[in-house]
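First to last, the sequence lines map onto chains G and F. Residue 1 is where the first sequence starts when you use the numbering used here, and the numbers rise one by one after that. Residue 1 is where the second sequence starts when you use the numbering used here, and the numbers rise one by one after that.
These are calculated hints, taken from the structure and not from any lab test. Just so we're clear, the structure is a prediction, and the values are computed from it rather than from any experiment. Where hints are given, some of them may not hold.
Claimed, not checked - Just so you have them, the derived chain G footprint on chain F, three or more residues with Cβ under 8 Å:
hint, stretch
1, 21 to 30
2, 54 to 68
3, 163 to 170
What the hints assert, rightly or not - A few chain G positions that, by computed beta-carbon distances, are all more than 12 Å from chain F:
hint, residue
4, Asp167
5, Ile176
6, Gly363
Beta carbons are placed, not taken as given, at the ideal position from N, Cα and C, and that holds for glycine.
Residue-level listing of the chains:
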Amino acid sequence: MATEFTAETIYDLPPSDLVLPDRVAGRMYTDPAIFELEMTKIFERTWVWVAHESELPRGGSFKSTFVGRQPVIVTKDRKGNIHTMVNRCRHRGASLCEKRSGHVNGFTCPYHAWSYGLDGQLRGIPYPDAYEGVMDKSALSLKKLRTESYGGMIFATFNEDAGPLEDFLGDVRLWIDRFMAQGGGYPIKVIGTHRFKFKGNWKIQLENTTDGYHFPIVHRSWMASVDAETAEMMSFMTDPTALTHDLGNGHSVMQMVPEHSDLNDDDGSEPLQPRFDGLAAELKAQGLNDAAIRKLVRAVHGTGFNLNLFPNVSMSSSFFRVLRPVSVDETHIEHVALGPDGPAEIVDPVNRTRLRAHEHFQGPFGFGTPDDSEGWDRVQRGAQGAPEMPIMVNRGLAREKASPEGWPTSHVTDETGMRAAYDQWKQMMSDD
Amino acid sequence: MTEAPTNTASSMLSLTDPRVVRAIELIWREAALLDAKEYEDWQALYAEDGIYVIPIDRAAESFDDVLNMVYDDARMRQLRVARMTEGYAIAAVDAATTVRNVSRFVLASVSDQEVALKAGQILVAYKRGRHDLWAGDVDYVVRLGATPYEDRLVRKVVRLIDADDAVPAAGFLL
Ligand code: FES
Ligand SMILES: [Fe+2]
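I would like the entire structure built from these sequences, with the hints used as guidance.
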């Protein structure tokens, strides 16, 4: 293994040598050849998040999205099974669906009207006699990806040989369960999505959701605009109980507000923030008791952690951050707002509060996202310089220890989560 | 009494109607202040009950129960202006330079109290070698004051043509 990068060797090293325990090569952000390899060795081999179950509420629901660079459609059929299929007609390749979501009986290609069922089966071909003795319709279903879900999180993979999703998630499952507790007694649903793009490599974003270190610097403007309680809640820089754990397989969890890691664990001592008095009164008027109100209101900020899943989704406090690699220096990001799913008179006031909080930080004009994006843009631009100089991910290396669960653990401002992700990257990029 | 044109395409915009001219002057003043990033003065053009919105759903008419890019009342506008001017926000400190044109005005309604216009806005934002294009329809409602200096915006809704697609994160306002 190489121990240092030099200007002479940096472009000769195989990808697996570009990740060291405490540093990675800046070339990983800038080399188009590495990006191509990542698409096949990572995005087409592992489980990639495609949807939340609330986005497919009934038989006939669909969502179009991407796995790596490949366009896919996720559907729910009449029996409730979920399918992920490449969004490409088997005849001459036209895209079947250009809507982001909706409800259909199936998909008919606009070009020559081949039609497919919700499960991808080719159902109809116009003027079929010319195909007699030429091909068998049953062999021309849409190309399907394996699709599995856990806790409402739906993942797909092109890899027929991938292990089960639950094995890939491992200890992440506990944290997914905890994340879903922010429904405050109700399931959660998607309530809106911000979409934005930045001119930078996808891994810059992957790092960011587990980067506690940038928060008080980059988000000083947001901190200055929120009430004192919220700012205090996010003041984890010097809180020794705020920890990041490496959960294996490239996943990690960063606990910014440890007392909100398990929202079901509430001894009642924490006062509700006064800014939610109006919401609490609205819920009381709907006949909710104090305990039910407390559960919903205490969860308005979401959970106290960012759960970073390799390679493309983070369950971040109160929303999902989903990344889509477009090219070596362009990434599209979705910030998916979430809220409880229940009777309108109860969840609507809660979700209005959550929507406004999401708008305050997230999105292309939020008080947080544009500043993150500026930081990432600078990384992509700066990383063009001195390609032999590494990107340092060594913060807190000397204080990293195993937690009682056996997870490598360090302070929330340390780069433990990035090291976890890059270790997985290294393994996947070395596989043949 | 409000004179509401019946049909958008055929509604004539009368540039001889001083109420309409006042509204357009306010809209152009607002555009110039935003390009100049004079946010304190910009904010002063809004009525206390005014809203400034950039929806994700281009067709949205009510914004409470949906996610928007921006949905600012007076309190949020005040916070936003502080963010844009106080020097902590790295996106605002290094914001793109913008030039915008607002035109293609269509009159939605006019009275002695209020003028509602629909317009098209084309904005080019330049930063670090890149030109981003931001195009959209904009709805304006202007409340007429005792003098033109007291005219205020009560509603501005910027409906980007790519509102539900990925747009760049911005350090300026539309
Ligand atoms: S390309 Fe789809 S039917 Fe011909
Ligand atoms: Fe951030």
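Do the hints match the structure? See the list:
1. 21 to 30: Check failed, 0 qualifying residues.
2. 54 to 68: Result for this restraint: holds, n = 7.
3. 163 to 170: With 7 residues close enough to chain G, the hint holds.
4. Asp167: Per Cβ check, G/Asp167 is outside 12 Å of chain F; nearest 33 Å; holds.
5. Ile176: 23 Å, holds
6. Gly363: With a cut-off of 12 Å, G/Gly363 comes too close to chain F, as the shortest Cβ separation is near 5 Å.
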